[in-house]
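Asks: Spelled out, the chains give:
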Amino acid sequence: MKKHIVSILIVLLSIQVFSQDATEIIKKADDKVKGSSSIATMTMKIVRPTWERTVSFKTWGKGVDYSLTIVTAPAKEKGQTFLKRQNDLWSWNPTIERMIKLPPSMMSQGWMGSDYSNDDILKESSIIVDYKHSLIGSENIEGKECFKINLMPKEDAAVVWGSIIKWISRDSYLQLKTQYFDEDETLIKTEIASEIKKMDDREIPTKIEIIPEDNKGNKTIVTIESIDFDVKLSDDFFSQQSMKKIR
Amino acid sequence: MQQKLIHIILFVLICFSAMGQEDSTTERIKNYALDGYISNMQSVMFDSIHKNWISDNILHNRLNFSWLPTPTFTATIQIRNRFIWGESVKYNSNYSKQIAKDNGYLKLSWNVFDEQSFVFNTSIERAFIQFSKGKFDFKLGRQRINWGQTMVWNPNDIFNNYSFFDFDYIERPGSDAFRLQYYPSSSSTIEFTAKINSNKELTTAALYRFNKWNYDIQFIGGLLNEQDIFFGAGWSGAIKSISFRGEFSFFQPKENFADTSGLAMATLSFDYTFKNSSMILVEGLYGNFSNNAGSGFMDLYAAPASVKNLSFTKYNILSQYSYPISTLVNLTISGMYMPKIKGYYTGSTISISLKDNLDISFIGQVFSGEFPDSVSGNNKRVNYYMGFLRLKGNF
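For the record, the sequence lines run as chains A and B. Every position in the first sequence, counted from 1, becomes a number in the working numbering once 305 is added. Every position in the second sequence, counted from 1, becomes a number in the working numbering once 5 is added.
Worth flagging that the hints you see were computed from the coordinates, not collected in a lab. No incorrect hints appear here.
Computed spacing ranges between beta-carbons, pair by pair:
hint, chain 1, residue 1, chain 2, residue 2, range
1, A, R552, B, Y328, 31 to 41 Å
2, A, M457, B, F367, 46 to 56 Å
3, B, S283, A, E490, 25 to 35 Å
4, A, I441, B, K280, 23 to 33 Å
From the three backbone atoms N, C-alpha and C, an ideal C-beta is built for every residue, glycine too.
Work out the full structure, taking the sequences as your base and the hints as a guide.
Replies: Following this line, the structure appears as structure tokens:
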């Protein structure tokens, strides 16, 4: 009997250790691509069976609360900026000189017609804070041994997904693959990261392919052209005044 | 003639330098920026499909140039060129005069060519300098001041007069103004503005906008064209995930301040974006527009003379649904109802992205309503049908 209790305790303990491990791994992986703040220039290519469109932008981010994004291409959308401060979201359109407060329902929309959502771009939710993490296995992705981690949203978290599975490399904590599921556990989209390059002070994947499940042949490719981590940005930088001036 | 030649050479030069610009992506290290568009639009208008069609063509080019020598100083100039030919030019003797109209203090719109069958107009749409010092921005010259919060009618947008129907001129005319903006926090603004129009009438106004309870809230007040004392308020926020915006303004002639001749206008606007990215917008306008009898729909189409002429009927309601059929194809359908004239407007637009910087649009507009007949005085139904085909390239 005592033996049983001990073994149950060990199992319980190890589960706890496991879950702590999983959170720790997610944290390290998240830090790796985010840092406390960053400035990045990126290109997003929307690929469909018969055509392609490209959007380029530059984005400043600080934690999960602050981000500022300017569209640099195509010409028609160039100069439009988006500001997120906590739960408020604005867009500035220089053509009509107008600041527009965007509703929360805009968050989960495909960003500028891509398979990337506003939530991804503007970092509405945090994979650390808003989800419970558990290590569910170990798999090999493109020759790299990876932790397989399941993310379940916390009850009060306002997130878009029903669950997420991430494959994170054991040696360098890179998120090489992510699958997003809806509330009915149906796979919605898969993200595959590749082309690991040195950016600023660290090596990260610079190409992320987002492949939606329901439309074969469709994908969105995000390429990180440059990124600087842990840049000094004050909270005040993320302002309506900056939205109108940033270049 | 020499002046005309210089105009043409400038136009061509700027067009070419803009073309060379196209594939350069390292804009941010440059201290200047040049962009714009060129479009060609064919239009037809008729009141009965069986009768006379009036067809016109506009070759339309906009050039936006900014010089940014230091982070605190900007100079901007924007030019609009239009080459128009067709039956409106030929048969409406007043047409070219309307094209050259400039409501600003400075007359910066010229008909370089004004012939029987065509008109070529160049106008300077923006010309301003901006200084920044900490949380202060100071802007002087022809500029767009946009204080609107709702999407169709804007009683708070006192510097500009927006015609919702004129889809080919989203930038709107500028105001010859001085403007001081102060940003007390990251999401609030205080503005002081003085504008002077072509009648040398001064408009002075102030705005305070701040963010509270996840709403943008603004208060405005001032003196419009040295005639009307006005005040108003506007907001943008959300009820659950439905956007909720509104504006109201009240104008009272300074001369008869005590009487009840004031004009009150208010808009309420709701929009919602669905999971499939389609969007629905419903907006209503109320105004006690007692003086605007309304001579016809063309009043509605031309930009109203003043913010006080947003409509000619007391109640107006517009509903619009836009649906991205695919990333490349967007469909927009809108309908407007004006009870007083038993009138309606319906519009539909299909826009197709042909390339990264090239779009084609098909636009149809129908206006119908009852207006007093100029001879008999009896109400008579008037219909207008308009169709447009536009090819637009941005650079």
